[in-house]
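2 protein chains.
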Amino acid sequence: MHEPMTITAAADLIRREAISPTQLLNQCLGRIDRYEERVRAWAYLDREGALEQADRLTKELAAGQYRGPLHGIPIGVKDIIDVFDLPTGCGSKLWANSYARRDAACVARLRAAGAVILGKTVTTAYAYLDPPPTRNPWNLDRTPGGSSSGSAAAVACGMCLGALATQTGGSTVRPASYCGVFSLKPTHGRISTEGVLPLAPSLDHVGLMANSVRDLAVLFQAVAGYDPDRLMTSGAAVPDCLLAIDREVEALGRDYSRHRDGEYSRRFLRPAELYPDALHPEVVKFVEGVEYDLKTFPHAMNAAVKPVVLPPEFAQVHRRHLQVMAVEAAETHADRVRRRPDDYPPKIRELIADGLLVSRDEYRTASSLSHTLGYDLRMAFWPEPLLVPATTSPAPTPETTGDPWCNSPWSFLGLPVVSLPLGWSSDGLPLAIQLVGGDDREDYLLARAAWVEEVYRLSNALKPRPLPL
Amino acid sequence: MHEPMTITAAADLIRREAISPTQLLNQCLGRIDRYEERVRAWAYLDREGALEQADRLTKELAAGQYRGPLHGIPIGVKDIIDVFDLPTGCGSKLWANSYARRDAACVARLRAAGAVILGKTVTTAYAYLDPPPTRNPWNLDRTPGGSSSGSAAAVACGMCLGALATQTGGSTVRPASYCGVFSLKPTHGRISTEGVLPLAPSLDHVGLMANSVRDLAVLFQAVAGYDPDRLMTSGAAVPDCLLAIDREVEALGRDYSRHRDGEYSRRFLRPAELYPDALHPEVVKFVEGVEYDLKTFPHAMNAAVKPVVLPPEFAQVHRRHLQVMAVEAAETHADRVRRRPDDYPPKIRELIADGLLVSRDEYRTASSLSHTLGYDLRMAFWPEPLLVPATTSPAPTPETTGDPWCNSPWSFLGLPVVSLPLGWSSDGLPLAIQLVGGDDREDYLLARAAWVEEVYRLSNALKPRPLPL
Numbered sequence: 001m002h003e004p005m006t007i008t009a010a011a012d013l014i015r016r017e018a019i020s021p022t023q024l025l026n027q028c029l030g031r032i033d034r035y036e037e038r039v040r041a042w043a044y045l046d047r048e049g050a051l052e053q054a055d056r057l058t059k060e061l062a063a064g065q066y067r068g069p070l071h072g073i074p075i076g077v078k079d080i081i082d083v084f085d086l087p088t089g090c091g092s093k094l095w096a097n098s099y100a101r102r103d104a105a106c107v108a109r110l111r112a113a114g115a116v117i118l119g120k121t122v123t124t125a126y127a128y129l130d131p132p133p134t135r136n137p138w139n140l141d142r143t144p145g146g147s148s149s150g151s152a153a154a155v156a157c158g159m160c161l162g163a164l165a166t167q168t169g170g171s172t173v174r175p176a177s178y179c180g181v182f183s184l185k186p187t188h189g190r191i192s193t194e195g196v197l198p199l200a201p202s203l204d205h206v207g208l209m210a211n212s213v214r215d216l217a218v219l220f221q222a223v224a225g226y227d228p229d230r231l232m233t234s235g236a237a238v239p240d241c242l243l244a245i246d247r248e249v250e251a252l253g254r255d256y257s258r259h260r261d262g263e264y265s266r267r268f269l270r271p272a273e274l275y276p277d278a279l280h281p282e283v284v285k286f287v288e289g290v291e292y293d294l295k296t297f298p299h300a301m302n303a304a305v306k307p308v309v310l311p312p313e314f315a316q317v318h319r320r321h322l323q324v325m326a327v328e329a330a331e332t333h334a335d336r337v338r339r340r341p342d343d344y345p346p347k348i349r350e351l352i353a354d355g356l357l358v359s360r361d362e363y364r365t366a367s368s369l370s371h372t373l374g375y376d377l378r379m380a381f382w383p384e385p386l387l388v389p390a391t392t393s394p395a396p397t398p399e400t401t402g403d404p405w406c407n408s409p410w411s412f413l414g415l416p417v418v419s420l421p422l423g424w425s426s427d428g429l430p431l432a433i434q435l436v437g438g439d440d441r442e443d444y445l446l447a448r449a450a451w452v453e454e455v456y457r458l459s460n461a462l463k464p465r466p467l468p469l
Numbered sequence: 001m002h003e004p005m006t007i008t009a010a011a012d013l014i015r016r017e018a019i020s021p022t023q024l025l026n027q028c029l030g031r032i033d034r035y036e037e038r039v040r041a042w043a044y045l046d047r048e049g050a051l052e053q054a055d056r057l058t059k060e061l062a063a064g065q066y067r068g069p070l071h072g073i074p075i076g077v078k079d080i081i082d083v084f085d086l087p088t089g090c091g092s093k094l095w096a097n098s099y100a101r102r103d104a105a106c107v108a109r110l111r112a113a114g115a116v117i118l119g120k121t122v123t124t125a126y127a128y129l130d131p132p133p134t135r136n137p138w139n140l141d142r143t144p145g146g147s148s149s150g151s152a153a154a155v156a157c158g159m160c161l162g163a164l165a166t167q168t169g170g171s172t173v174r175p176a177s178y179c180g181v182f183s184l185k186p187t188h189g190r191i192s193t194e195g196v197l198p199l200a201p202s203l204d205h206v207g208l209m210a211n212s213v214r215d216l217a218v219l220f221q222a223v224a225g226y227d228p229d230r231l232m233t234s235g236a237a238v239p240d241c242l243l244a245i246d247r248e249v250e251a252l253g254r255d256y257s258r259h260r261d262g263e264y265s266r267r268f269l270r271p272a273e274l275y276p277d278a279l280h281p282e283v284v285k286f287v288e289g290v291e292y293d294l295k296t297f298p299h300a301m302n303a304a305v306k307p308v309v310l311p312p313e314f315a316q317v318h319r320r321h322l323q324v325m326a327v328e329a330a331e332t333h334a335d336r337v338r339r340r341p342d343d344y345p346p347k348i349r350e351l352i353a354d355g356l357l358v359s360r361d362e363y364r365t366a367s368s369l370s371h372t373l374g375y376d377l378r379m380a381f382w383p384e385p386l387l388v389p390a391t392t393s394p395a396p397t398p399e400t401t402g403d404p405w406c407n408s409p410w411s412f413l414g415l416p417v418v419s420l421p422l423g424w425s426s427d428g429l430p431l432a433i434q435l436v437g438g439d440d441r442e443d444y445l446l447a448r449a450a451w452v453e454e455v456y457r458l459s460n461a462l463k464p465r466p467l468p469l
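Read top to bottom, the protein sequences are chains G and Y.
Per the working numbering, the very first residue in the first sequence carries number 1; after that it's consecutive.
Per the working numbering, the very first residue in the second sequence carries number 1; after that it's consecutive.
Everything labelled a hint here was simulated from the structure, so no lab data went into it.
Yeah, the Cβ is synthetic: ideal placement off N, Cα and C, and Gly gets one too.
Hints should not be assumed to be uniformly reliable.
Said to hold, decoys possible - Some residues of chain G that are not near chain Y, with every Cβ distance over 10 angstroms (derived):
{"id": "1", "residue": "84"}
{"id": "2", "residue": "95"}
{"id": "3", "residue": "97"}
{"id": "4", "residue": "229"}
{"id": "5", "residue": "280"}
{"id": "6", "residue": "303"}
{"id": "7", "residue": "304"}
{"id": "8", "residue": "316"}
{"id": "9", "residue": "363"}
Said to hold, decoys possible - Selected chain G positions facing chain Y (Cβ under 10 angstroms, derived; list incomplete):
{"id": "10", "residue": "37"}
{"id": "11", "residue": "47"}
{"id": "12", "residue": "49"}
{"id": "13", "residue": "82"}
{"id": "14", "residue": "85"}
{"id": "15", "residue": "87"}
{"id": "16", "residue": "90"}
{"id": "17", "residue": "92"}
{"id": "18", "residue": "98"}
{"id": "19", "residue": "100"}
{"id": "20", "residue": "101"}
{"id": "21", "residue": "197"}
{"id": "22", "residue": "318"}
{"id": "23", "residue": "336"}
{"id": "24", "residue": "338"}
{"id": "25", "residue": "342"}
Said to hold, decoys possible - Example chain G residues on the side facing chain Y (calculated, C-beta under 10 angstroms, incomplete):
{"id": "26", "residue": "48"}
{"id": "27", "residue": "340"}
{"id": "28", "residue": "460"}
With the rest of the complex left out, here is chain G (with noise of 0.2 angstroms):
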């Protein structure tokens, strides 16, 4: 049976001295061991400064000092985000010994938490569409999912407890749906980017995967806030999600007494209309269920899903963050896609080729449509999150990374998101939600994440499986 090591469990372990960092490392080396040569999860692994670290930090926990719930936990780093003295391979050839200079911002702050970096986990190339080597650890004939391919895949195997990755399109949503693990793309601008190979940096989300939603606050904890370096950061206070996840599950399991009959105890929002022909039915009917298992699961006590009307201008998001998204990847590497063509593999040239060819005109009116759809989404739903698929499928074969179509929309948006693995397919794929949420309030998201983890747990709803590998 394979119920990976939290990171909320590990820390607990670590700060009882239980287990040491060392020992907790030497778990996640004897995994990598085992999986990676049929998952190809990293791209470089750094064992003997991983060795070092954990070696550091269990030394410090002797003498007395504890850094936190990272304290000596091992994270995987996608490789298009800097880490000192490690190459940054972005999924390019000729940079596949490009070692940085320095960490990037999200990376230091990690290391501050006292997190041990692990290595770099596999990217496609330049974080855009074209297949990667990495494979689905739940079937290795099927698609991890990408951009963050490795990050997801190395936490499904538990070769690491978390990992950073990104998201412009469904870069980390998608691959950690496909994986069966947790998510969070933030709001834009809460983890600075500084440090990390930009795709489009209007829509450039450094995001989290882990085994929990509390796991994914943790982190979350560490790495939000503003930074100096860069102003697209949001200057908004980082809010306590750890203390909002413990309120608002502390009660589950306990306060039947105080539910009235036909009150509901919490209330999510599902669109009227977002099940188009693109959803597989197997999404379709899990979501169903899950939107089912809310309302009728005692621990729920009666959780009501209520559909809400969105915008009509919601039906252009998808083809507007295309080209957002075309037109800044052709500004970030158009010069040298015409320098370097065979270090480009087809999709990301494709989606370069086509940015050149947005005016100047349609592109300032599609992201200006970020910002009025924005607000008038929020105003729809805001503060109830709105519950919708993580995927249009379970994973596909591996000849495409699959598609963004359900997580586009809150990259254009910059809205932030959870993403539950909460179900399986018919032949045994990993099946996720997304719970949106409004700008900067990821402590509301991450608590109303956490109590639907907490109550399909409780329900015993939530069944880990063995990893076929």
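Using the hints, position chain Y against chain G.
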């Protein structure tokens, strides 16, 4: 007869379309083909990329777009300074194929001014004292100096018309002087070090090399100025150094009439005691000769060289410079040298080890001396420049990069320095003087240096020699 082409002369030809940027580049490439195998000035030569840049700039000219005096000028960039999508090797084995994802600030400014970035010039390991593969073009059995070894050798050979260098101790002025080219180490903070590998940030300067003082001013005008990404950069206005030069030299050679007997035309200061046993007799003789020339050349119209007593604290400068450099180099490199000992040659390793042994108090004392002494010194000699030798000896044999004794005081104090290669040793090696100016007044300093250069030219005392290669 070898007289290397100046940026000023080439710019005149380009502006008049007497030569195209592509033709000029091909001249430089021809010199590289002829000399590089013996001199080894380049860590990475971007032949193809440079031809593309020159072609684009040639087309711009044909379309009537002239960017100014750097339009189409081939420039070399020291290999610790990032150039987009070329490796930044830093003299490290591990980093040899580390491609930069963006231009350093100074490179971006050169590019905007129309310069052709020809490639990366050899640096010693991490810009310290360990010998490089580069050889002195005036004598292949001598060092070109360091750490900007390739920049100096390349400009001396006419492989490029100017180069970016850096200086923490004597890394710009020393190699420039050994190789017989002009150099400017500006005021500390004048040129952004964003995108440049640090050695000791409070001493690190970006420096410039070229074949005339006016060329240095052209380069300086393009790259100097406040950088919002680098708070250490000076916010002081960048003066118009080209105008200052024009005004200073315009009357030379024709206003004898205005000169009255007994008056001096210009005043220079020399330290009352700066010639310890450490100086090579040829250098002492050379500097005394320059002083004599300035007093006796008719075009100099009775310039005066007056001794000035330096503050007694000046005696501490070399020791204090070394302490600050060692502590900051340790801060930059200590973690990495522990992890990658094989990637550190002996001298830089020793510097780092020394830095770890300096106490915080010693460092603070050393660091504060640079401020107090800098102030006292300016009071002592401002606004006249100080005239001092640029090196302790002609270029020594290549098991060393030579002694930075003459340069480190001005790195420590952050005062701007221009070096002028005005003479030759008895065995045919270049010798140079330094002029030291006041903070942020590179205009005064460059103007006076141009005056000296012009006096020498008019007196037929600047004697370029054929490269023996």
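Each hint, compared with the structure:
1. 84: 8 angstroms, violated
2. 95: The assertion about residue 95/G is violated, with a minimum of 5 angstroms to chain Y.
3. 97: 4 angstroms, violated
4. 229: Check fails; 7 angstroms does not lie beyond 10 angstroms.
5. 280: It holds; residue 280/G is separated from chain Y by about 38 angstroms at its closest Cβ, greater than 10 angstroms.
6. 303: 47 angstroms, holds
7. 304: Residue 304/G clear of chain Y: closest Cβ-Cβ about 49 angstroms, beyond 10 angstroms.
8. 316: The claim holds: residue 316/G sits with its nearest Cβ about 33 angstroms from chain Y, beyond 10 angstroms.
9. 363: At about 22 angstroms from chain Y, residue 363/G clears the 10 angstroms cut-off, so the statement holds.
10. 37: Hint violated; residue 37/G Cβ to chain Y Cβ min 26 angstroms, cut 10 angstroms.
11. 47: 13 angstroms, violated
12. 49: 7 angstroms, holds
13. 82: For residue 82/G, the interface hint holds, since the closest Cβ of chain Y sits about 9 angstroms away, which is under 10 angstroms.
14. 85: Holds. Min distance 6 angstroms.
15. 87: Nearest chain Y Cβ about 8 angstroms off; hint holds.
16. 90: This interface hint holds because 8 angstroms falls under the 10 angstroms limit.
17. 92: Hint on residue 92/G: holds, closest Cβ of chain Y at ~8 angstroms, below 10 angstroms.
18. 98: 5 angstroms, holds
19. 100: Since the shortest Cβ distance to chain Y is 8 angstroms, the answer is holds.
20. 101: With Cβ-Cβ at 7 angstroms, under 10 angstroms, it holds.
21. 197: With a minimum Cβ separation of about 7 angstroms from chain Y (threshold 10 angstroms), the hint on residue 197/G holds.
22. 318: 29 angstroms, violated
23. 336: Cβ of residue 336/G sits 6 angstroms from chain Y, so the hint holds.
24. 338: With Cβ-Cβ at 9 angstroms, under 10 angstroms, it holds.
25. 342: 13 angstroms, violated
26. 48: 8 angstroms, holds
27. 340: For residue 340/G, the interface hint holds, since the closest Cβ of chain Y sits about 7 angstroms away, which is under 10 angstroms.
28. 460: 47 angstroms, violated
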